[in-house]
Amino acid sequence: MIRVLLPAHLRTLAQVNGEVRVTVDGPVTQRSVLDALEACYPMLRGTIRDHVTHQRRPFLRFFACAEDLSHEPPDAPLPDAVVTEAEPFLVIAAVAGG
Amino acid sequence: MSKVRILVGTRKGAFILTSDGKRAQWDVSGPFFAGWEIYHLKGSVVDPNRLYASQSTGWHGQLVQRSDDGGKTWQPVDNKFVYDGVAGTHQWYDGTPHPWEFKRVWHLEPSLNDPDTVYAGVEDAALFRSKDAGQSWQEVSGLRKHGSGPHWQPGAGGMCLHTVILDPENPGRIFIAISSAGAFRTDDGGETWRPINRGLKSAHIPDPEAEVGHCVHHIAMHPSRPGVLFMQKHWDVMRSDNAGDSWEEVSGNLPTDFGFAIDVHAHQPETIYVVPIKSDSEHYPPDGKLRVFRSRTGGNEWEALTNGLPQRDCYVNVLRDAMAVDSLDTCGIYFGTTGGQVYGSSDAGDHWAPIVRDLPAVLSVEVQTLS
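Residue numbers (the numbering used here), protein chains in the order written: chain A, 1 to 98; chain B, 1 to 371.
It is worth saying that the hints were derived from the structure and are not from the lab. Fair warning: there could be bad hints in the mix.
[As the list claims (entries may be wrong)] Taking beta-carbon pairs under 10 Å as the criterion, some of the chain A residues facing chain B (in silico):
no., residue
1, Pro-7
2, His-9
3, Leu-10
4, Leu-13
5, Val-16
6, Pro-42
7, Ile-48
8, His-51
9, Val-52
10, Pro-58
11, Phe-59
12, Leu-60
13, Ala-94
[As the list claims (entries may be wrong)] Beta-carbon label-pair distances, calculated as ranges:
no., chain 1, residue 1, chain 2, residue 2, range
14, B, Trp-92, A, Pro-79, 40 to 48 Å
15, B, Gln-135, A, Pro-79, 36 to 44 Å
16, A, Glu-19, B, Gln-135, 40 to 48 Å
17, A, Glu-19, B, Thr-330, 51 to 59 Å
18, B, Lys-289, A, Arg-11, 23 to 31 Å
19, B, Asp-20, A, Ala-86, 55 to 63 Å
20, B, Glu-248, A, Ala-39, 35 to 43 Å
21, B, Gly-35, A, Ala-66, 21 to 29 Å
22, A, Asp-35, B, Gln-135, 44 to 52 Å
23, B, Asp-280, A, Phe-63, 36 to 44 Å
24, B, Gly-95, A, His-71, 28 to 36 Å
25, A, Val-52, B, Trp-92, 15 to 23 Å
26, B, Lys-103, A, Phe-63, 24 to 32 Å
[Unchecked claim] Taking lysine to aspartate or glutamate pairs in the EDC-like style, the calculated list, with each CA pair at most 20 Å apart, reads:
no., chain 1, residue 1, chain 2, residue 2
27, B, Lys-80, A, Asp-50
28, B, Lys-3, B, Asp-329
29, B, Lys-131, B, Glu-211
30, B, Lys-80, A, Asp-35
31, B, Lys-145, B, Glu-211
32, B, Lys-80, A, Asp-75
33, B, Lys-145, B, Asp-68
34, B, Lys-103, A, Asp-50
All figures in this text were calculated on a predicted structure; none of them were measured in a lab. Glycine included, each C-beta is placed from N, C-alpha and C at the ideal position.
Starting from the given sequences, assemble the full structure and let the hints guide the process.
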């Protein structure tokens, strides 16, 4: 299982509290985690990454183990601590807007 | 007994205001989708408990929500709006080509005869349709492909398709309006479209015969006379008596003919309402007085309706989709402001009172008259 922490609006949308856990088959990457997340919570499709291009939405960032992974390739392996559930994969909404 | 339900979209959520037919006491429920921009909500005339809502933020993009119980509960439906084929380009503000990019849904228009069919007017300008209650969306691509699309240019608020009007007598006829491309009409259910902008004069367009490029803010129609259209343009209030084939100005004695909202009395097709706004650089009423203007003659002769509205120090705006009427015998009329007030009149505009005063900025107001 992979731990994922969503921003508040998406937790409300997915009707979850706190972290969610998703099962990833194969390598644990941004893409595979988000694929698994969207499979479990279809209402999140399009809210984290574009439906078609799968590009990260501009005002969101991906973090794990206190590192900004937003610009890592989507198929790059996530840190071992995420794979072993020691750390969550964080989807963070930028402090922007007003 | 009759009941009125007002669907209010705001910058930070949706609200539902309900009253009995007297329209004196109102219950306020919400916010729904708290913190999200709700550009528009609208109910089906076939099944009034079927509501659709456009929900968006800059962080998470577009969602569409559907209610099957009059707004008590909601479920997200499909939010995948993909342009048909190669999206192509339109003009950017500086006149250079700019790729078509989906940004948000401005307006949802349920079918007049099928609660599962609903149209979505979106930015960048296009019309989408769902035939399965929002579970999937397909572009009505004849509009964008009719030929002038590469010349369309955004208005200050974006290149939005904000008005969708379905003709109750001719199922194939749909009117739409885009800022700032203009108005368009299809007579074959969306296969083919043509601009209907003849007679519109816009100072920013050098060519007085320009087919497109007009900044239409909103269009209204009375269902008993679908060939008669009323338009609030960027500047100028216009009317057409031939389904948009040509337009004439009916601004008459308005203090300013800039504005966004326009609507028609439920039972008097020649009685129309606008809220004049000072100018396109000062989006508030002239002289700090919030006044609705009513014409009982289909335009040109206007009277100010002020009873119950603030007549000093008022600097709010009333946006294009933020005015609506109910269909009770004494027609009720409602509008919301960017200051968060929703005002209502149960006597066709003679007297006004705030229903709520302190909502987030109001983006849209729709009314359902329920039996």
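Results of checking the hints against the structure:
1. Pro-7: Hint holds; Pro-7(A) Cβ to chain B Cβ min 7 Å, cut 10 Å.
2. His-9: With a minimum Cβ separation of about 6 Å from chain B (threshold 10 Å), the hint on His-9(A) holds.
3. Leu-10: 7 Å, holds
4. Leu-13: 7 Å, holds
5. Val-16: Violated, about 14 Å.
6. Pro-42: Holds - the Cβ of Pro-42(A) comes within 10 Å of chain B, reaching about 8 Å at its closest.
7. Ile-48: 7 Å, holds
8. His-51: 5 Å, holds
9. Val-52: 6 Å, holds
10. Pro-58: Holds. Min distance 8 Å.
11. Phe-59: 4 Å, holds
12. Leu-60: 6 Å, holds
13. Ala-94: 7 Å, holds
14. Trp-92(B) <-> Pro-79(A): 40 to 48 Å: Check passed, 41 Å falls within 40 to 48 Å.
15. Gln-135(B) <-> Pro-79(A): 36 to 44 Å: 38 Å, holds
16. Glu-19(A) <-> Gln-135(B): 40 to 48 Å: 29 Å, violated
17. Glu-19(A) <-> Thr-330(B): 51 to 59 Å: 55 Å, holds
18. Lys-289(B) <-> Arg-11(A): 23 to 31 Å: 45 Å, violated
19. Asp-20(B) <-> Ala-86(A): 55 to 63 Å: Once the Cβ atoms are compared, 59 Å apart, the range 55 to 63 Å for Ala-86(A) and Asp-20(B) holds.
20. Glu-248(B) <-> Ala-39(A): 35 to 43 Å: 57 Å, violated
21. Gly-35(B) <-> Ala-66(A): 21 to 29 Å: This hint holds: roughly 27 Å between Cβ atoms.
22. Asp-35(A) <-> Gln-135(B): 44 to 52 Å: Check failed, 21 Å falls outside 44 to 52 Å.
23. Asp-280(B) <-> Phe-63(A): 36 to 44 Å: Taking Cβ atoms as reference, Asp-280(B) and Phe-63(A) lie about 43 Å apart, which means the hint holds.
24. Gly-95(B) <-> His-71(A): 28 to 36 Å: This hint holds: roughly 33 Å between Cβ atoms.
25. Val-52(A) <-> Trp-92(B): 15 to 23 Å: 22 Å, holds
26. Lys-103(B) <-> Phe-63(A): 24 to 32 Å: 27 Å, holds
27. Lys-80(B) <-> Asp-50(A): Between Lys-80(B) and Asp-50(A) the Cα gap is close to 9 Å, so the pair holds against 20 Å.
28. Lys-3(B) <-> Asp-329(B): 12 Å, holds
29. Lys-131(B) <-> Glu-211(B): 31 Å, violated
30. Lys-80(B) <-> Asp-35(A): 16 Å, holds
31. Lys-145(B) <-> Glu-211(B): 15 Å, holds
32. Lys-80(B) <-> Asp-75(A): With a Cα-Cα distance of about 24 Å, the restraint between Lys-80(B) and Asp-75(A) is violated, given a limit of 20 Å.
33. Lys-145(B) <-> Asp-68(B): Answer violated: Lys-145(B) to Asp-68(B) is near 34 Å, above 20 Å.
34. Lys-103(B) <-> Asp-50(A): With Cα atoms ~11 Å apart, Lys-103(B) and Asp-50(A) stay inside 20 Å; holds.
Checked against the numbered hints given earlier, the structure breaks hints 5, 16, 18, 20, 22, 29, 32 and 33 and satisfies all the rest.
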